[in-house]
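Two chains, two frames, some hints: make the complex.
Each chain, written out:
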Amino acid sequence: NAGVTQTPKFQVLKTGQSMTLQCAQDMNHEYMSWYRQDPGMGLRLIHYSVGAGITDQGEVPNGYNVSRSTTEDFPLRLLSAAPSQTSVYFCASTLGGGRTEAFFGQGTRLTVV
Amino acid sequence: GESVGLHLPTLSVQEGDNSIINCAYSNSASDYFIWYKQESGKGPQFIIDIRSNMDKRQGQRVTVLLNKTVKHLSLQIAATQPGDSAVYFCAEISGYSTLTFGKGTMLLVSP
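Protein sequences, first through last, are from chains H and A.
Each residue of the first sequence is one higher than the one before, starting from 1 at the first, in the working numbering.
Each residue of the second sequence is one higher than the one before, starting from 1001 at the first, in the working numbering.
Hints listed in this document are in silico derivations from the structure and should not be mistaken for laboratory results.
There could be a bad hint or two in this list.
[Claimed, not checked] Straight-line distance between alpha carbons at most 16 Å, and here's what the computed EDC-like set of lysine to aspartate or glutamate pairs gives: (1) 1103/A with 101/H; (2) 1037/A with 101/H; (3) 1071/A with 1084/A; (4) 1103/A with 1031/A; (5) 1068/A with 1084/A; (6) 1042/A with 1015/A; (7) 1068/A with 1031/A; (8) 1103/A with 1055/A; (9) 1103/A with 73/H; (10) 1042/A with 38/H; (11) 1071/A with 1039/A; (12) 1068/A with 1049/A.
[What the hints assert, rightly or not] Distance ranges between label pairs, derived from CB positions: (13) 1017/A with 17/H: 43 to 53 Å; (14) 1014/A with 40/H: 18 to 28 Å; (15) 83/H with 1041/A: 15 to 25 Å.
A virtual CB, placed ideally from N, CA and C, is assigned to each residue, including glycine.
One chain only, chain A, in its complex shape (with noise of 0.2 Å):
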């Protein structure tokens, strides 16, 4: 079946640095591409998302790129921080808003 997938399974940075975290996908027909981010002992929690129709987004210190011609998905983390280090997931959605996710890339922030 068609997933979304990660280049990377683990990025260490230090703090300050800028992060960019990589994702394929495959399902061309999706509506969304979503970013989640996952604390240990904790569930998922909503970064930020981008529409199939658009190349870019910006939240804060986050931003989302989508290159639909080579299906791939990037998050960039700005001045990452301690607080930045978790696993994050990149995510499709279709249909009716259930998740097809990635295997997760952890992300590792040192002082």
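For reference, chain H alone in the conformation it holds in the complex (with noise of 0.2 Å):
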């Protein structure tokens, strides 16, 4: 039982370039979302997804799409990077039907340039 994954550990991107963040869990969780967080600062969730086919944005979704085509896999891409993007991005899943334990993945450090 492995839980939240991301891939990458680490990513530098020139400004620009586009990429898609891994997320993957294997707990059977409904709920998925990604946050992303700057020093000095709490997370502020990205898009999330209350399950397979559903999406929705967050606070911050701006430059970012999401999508859900199953269960396991919630992939964040990055359109076209600029260096406001440049943070720690979280993956987290979550039960559902009122669990509020979410489980968080290691994090993605990106860098753009």
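Spelled out as structure tokens, the structure:
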């Protein structure tokens, strides 16, 4: 049981490049979400999903796309990277049904130059 | 927008002391309030939650208190250990299990 797995752990992009951050969970959790964490700040919600085929925007969705084709996977796409997207990205999953414990991945540290 | 915030950015304690980390919230409609611990280089880890209709909840060495009158949340850690050194976040949850986080408090435990 691996929990929530994020890849890659580190990534450097040039401004304007695109990439996909991968997130997979093996706990059959219904809810998945993406957060970004900037220095000295708490995590902010980018996008979330309440089940396969269903996604919605969070607090800071601009510049990111998501899809949820399976229960297990929830990739985050950066369409055209900007220096303002330099951050640490965390994926999380929750069982749903009123359960509150979210399980987080180890994070992806992204630098856009 | 509504948010969850913290009073103190850094708390330094001696090993064996009790630690109290405070948090103010503004959204009275939240269903649950949660404390997370984040160690360096890792993702946040769930510690304990409290439902909005409760005042107190205890776990192993931790107690969370909720004062709805003044919209205040606290995490008490008994007999603090060096392994408790981390950043602690309070968060609120509502609806689809999405979290709104505060900015975090760094807890430093000296041996």
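Which hints from the list above does the structure break, by number from lowest to highest? 1, 3, 4, 5, 6, 8, 9, 11
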